[in-house]
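Sequences listed follow chains U and E, in order. All residue numbers for the first sequence refer to the numbering used here, where the first residue is 1 and numbers rise by one. All residue numbers for the second sequence refer to the numbering used here, where the first residue is 283 and numbers rise by one.
To be clear, the hints were calculated from the coordinates, so they are not data collected in a lab. All of these numbers come straight from a predicted model, not from anything done at the bench. For every residue, glycine included, the Cβ atom is placed at its ideal position computed from N, Cα and C. Some hints here could point you the wrong way.
Here are the simulated PhoX-like pairs of lysine-lysine, each with C-alpha atoms no more than 20 Å apart in a straight line [unchecked claim]:
1) E:Lys391 / E:Lys406
2) U:Lys101 / U:Lys30
3) E:Lys407 / U:Lys30
4) E:Lys406 / U:Lys30
5) U:Lys101 / E:Lys417
6) E:Lys417 / E:Lys455
7) E:Lys417 / E:Lys407
8) U:Lys106 / E:Lys417
Using C-beta positions, here's what the derived DEER-type ranges look like [stated by the list, open to error]:
9) E:Pro403 / U:Thr127: 26 to 36 Å
10) U:Leu260 / E:Pro444: 55 to 65 Å
11) U:Thr127 / E:Lys391: 23 to 33 Å
12) E:His581 / U:Arg275: 30 to 40 Å
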Amino acid sequence: MRTGDNMNSGTMAEIKASITAELHKVYRLKTHIVVLAVTLSLLVVVLVIEFAAMRYVAQQAQAQGKGGPANLNSIWQIFHFFCQYVNPIVIALVVAFQTGKEFEWKTFHQIQLKGQTPANYVISKLTTFFALAIGTYILQLVIVLIDYGVRTAIEGQSFDLPLMQIATDLLYSLTAISLALLLTILMVSASVGIVLTLVYLCVLEMIIFPLLGTLSGMLDKPAVATALGYSPMKLPERLVNSAIAENYSGAILVLVAAVLIPVLAGWLSYFVLNRRQIGLIR
Amino acid sequence: MLIEVRNAVRKFGNKSAVDDISLKIAPGERLGILGPNGSGKTTLIQLILGFLKLTSGTIDIDGQPVWPNRFAVRHRIGSLIEIPLLYPSLSARDNLLFFARLTRLDLGKVDQLLETVHLDPAEKKPFSTFSLGMKQRLGIALALMNDPELLIFDEPTNGLDPEGIVQVRGILKEINRLGKSVILCSHLLPEVEHICDSVAILQNGKVLATRSVTDLNRTGNTFRAVVKNAGSATKVFSETGISASADETAADAFILSLTAEQKPADSLKRLIAAGLEVEEFVRLNQGLENFFMQLMESHRGEH
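Go ahead and model the full structure; you've got the sequences and the hints to work with.
What follows is the structure, encoded as C-alpha cells:
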C-alpha cells in the first residue's frame with residue numbers, strides 16, 4: 001500500500017510524464033510551427049502596413065504643413081487586438097482540432113488503456129496549450145517591443161510601455177484555450193468543437209454580446225450591459241479599466257474571476273471525461 | 283491467482299450482459315473466451331479493465347480489486363481491443379515514444395518492441411498509411427510496452443487478410459514464450475486452439491463451459507457416455523481412480539478420462555453392473571470446434 005507522500009509523488013510524476021509526452025507530441029505534430037507561423041507572420045504584416053500607413057500620413061501632413069509627432073500607441077493597439085482576437089481564435093481552433101481529433105480516433109481510449117487518468121489528460125492539455133499561448137505571446141511581444149523601440153528612437157519619443165495592458169493581454173488566450181477544450185470535450189468531435197469555438201469567440205463575443213450591450217443601452221437596461229461586460233473574454237479588459245480607474249478591489253475581483261474561468265473549465269472537462277470514458281469503447 | 287472473477291454481474295437496464303460469471307486465471311495461463319456476438323465477451327473485458335462498473339460481484343487482479351484501483355490496474359495490463367487507435371500523423375516509433383513517455387518507460391525499449399512485432403524502427407510512414415496488419419502489430423507492441431503481467435487481446439485478427447492473420451498469429455505465438463497470462467477473445471476457433479491453454483465458452487452472459495484445450499484435443503482414452511441419471515453414474519467411478527466429470531453439452535452425458543492401463547470395456551461393465559441404462563459410449567476426439575458447436579446446439583434458444 002502506498003503512503004500519502006508516495007502517492008503524492010507518484011501522482012506528480014504521472015502528471016509530469018503526461019505533460020512531457022503531450023509537449024513532445026505537439027512538437028512532433030509541428031503544432032507550434034503552425035500556430036507561430038500564422039500568428040507571427042500576421043502580426044509582422046500588420047505592423048509593416050501600420051508603419052507604411054503612418055509614414056504616408058506623416059508625409060501628407062508635412063506636405064500640408066501640419067507635421068506633428070507620430071502616434072506610436074497604434075503599435076500597442078495592434079498588439080492588444082492580436083491578443084484579444086487573433087491569438088485566442090488561432091490557438092483555440094488548434095485546441096479544438098487536435099483534442100477533437102483525438103476523440104474521433106478514440107485515441108483517448110487508447111491513452112486510458114495505458115492508465116492515464118482524465119485529470120492528467122486535462123492538466124497536460126491545458127499546460128501544453130498554455131505554454132504554446134505564452135510562447136506566442138512572448139515572441140509577439142518581442143517583435144512589438146523591437147518595433148516600438150526602433151520607432152520611438154527614430155521619432156525621438158519616450159519609451160513608455162502600457163504595462164498593465166501588456167500583462168492582462170495574456171489572459172485572453174488562456175481563457176479561449178480553456179473554453180475551446182471544454183467545448184470540444186463536451187462534443188467529442190473536432191469539427192463540432194471548431195464550429196462551437198468559432199461561434200463562441202467570433203459570433204457571441206464579437207457580434208452578439210456587443211450588439212446586446214448597445215441595445216440594452218438604447219432600451220435603458222444598464223444591468224444587461226454590465227452583465228455582458230463580465231463575459232469570459234471581456235474580463236481582461238475590465239481588469240485593465242478597473243486598474244486604470246484605481247479601483248483595486250474591483251481589479252482583484254476581476255482577476256480572480258479571470259483565473260477561475262480556466263480552473264472551472266478544466267474541472268468541468270475532467271468531470272465530463274470521467275463520466276464519458278465508459279462510452280468510448282466502440 | 284492473477285485474475286479472480288467472482289459472481290460478476292453487469293446489468294444494462296433489466297438485461298444482464300454478464301450474468302454471474304466466475305473465472306480464475308493463474309499466472310502464465312492463456313485463456314480463450316469464445317461465444318457468439320452479444321454473449322458478453324466484450325463486456326467482461328471492459329469489466330476486467332475497469333471501464334465498466336460491476337452491478338454485483340468482484341474482480342481482483344493479483345488480489346487488488348479493479349474498482350476503485352482501475353487506473354493502477356491498467357498499468358499492469360497490456361491490451362489490444364480490435365484495431366488500435368493511434369495518432370495518424372505520427373510514425374510507429376513516434377506513437378510508441380508518446381506512450382513510453384506517458385507511462386515513464388525506458389525510451390530505448392521502443393525500437394526493440396518494434397522489432398518484436400516485425401516493424402522497422404527507421405520507417406517514417408505515418409500511422410494513417412499503415413495496412414490493417416501493420417496497425418495490429420503496432421497495437422501488440424503497445425500492449426507489450428509496460429511489460430504487463432496480463433495481456434488482453436479482443437478480436438486481434440478481425441478484418442485482416444490471410445497473410446495478416448498468419449503474421450499476427452505468429453507474433454501471438456512468440457508472445458506465448460514470454461510466459462505471460464493472456465486473455466484472447468476471438469471468433470476464430472483455430473486461433474484460440476493454437477494460442478490458449480484453456481477456453482471459456484460464453485452465451486447470454488453466462489459461462490456455459492470451461493475446458494482445457496489439451497483435453498479437447500486428447501486422442502487417447504477419453505470417452506463420452508450417455509446414461510439415464512448421469513449424476514449417479516459418476517459416483518460409480520468415485521473410488522476407481524477413473525476421472526469422471528459432467529459434460530455440459532448434454533444433461534445425461536459425462537466424460538471419462540482413462541489412463542493407458544484402464545480398459546474402456548471395464549468402465550462400461552461397471553456402468554451396466556450398477557444397473558444404469560447406457561445409451562451411448564464413444565471414444566472422443568472432439569476438438570474445440572466440435573465441442574463449441576455441440577455446446578451451442580444444446581443451448582440453442584435459451585435466454
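Hints versus structure:
For the hint pairing Lys391 of chain E with Lys406 of chain E, the CA-to-CA distance comes to about 18 Å; that is within 20 Å, so the pair holds. The hinted pair formed by Lys101 of chain U and Lys30 of chain U meets the criterion: a straight-line CA distance of about 15 Å does not exceed 20 Å. Proposed proximity of Lys407 of chain E and Lys30 of chain U is supported: the alpha carbons are some 16 Å apart, at most 20 Å. Pair hint Lys406 of chain E plus Lys30 of chain U holds up; C-alpha atoms about 15 Å apart against a cutoff of 20 Å.
Proximity of Lys101 of chain U to Lys417 of chain E is assessed by CA-CA distance (about 18 Å); at most 20 Å being required, the pair is judged to hold. With a C-alpha separation of about 18 Å, the suggested pairing of Lys417 of chain E with Lys455 of chain E holds against the 20 Å cut-off. Our distance criterion of 20 Å between C-alpha atoms is met by Lys417 of chain E and Lys407 of chain E, whose separation comes to about 12 Å. For a cut-off of 20 Å, the pair hint linking Lys106 of chain U to Lys417 of chain E stands: about 15 Å separates their Cα positions.
At about 29 Å, the beta-carbon gap between Pro403 of chain E and Thr127 of chain U stays in the expected band of 26 to 36 Å. Evaluation of the 55 to 65 Å hint for Leu260 of chain U and Pro444 of chain E yields a pass: the beta carbon distance comes to about 59 Å. Checked against the given bound of 23 to 33 Å, the beta carbons of Thr127 of chain U and Lys391 of chain E, roughly 26 Å apart, stay inside it. Distance hint for His581 of chain E and Arg275 of chain U: a CB-CB separation of about 36 Å, consistent with the stated range 30 to 40 Å.
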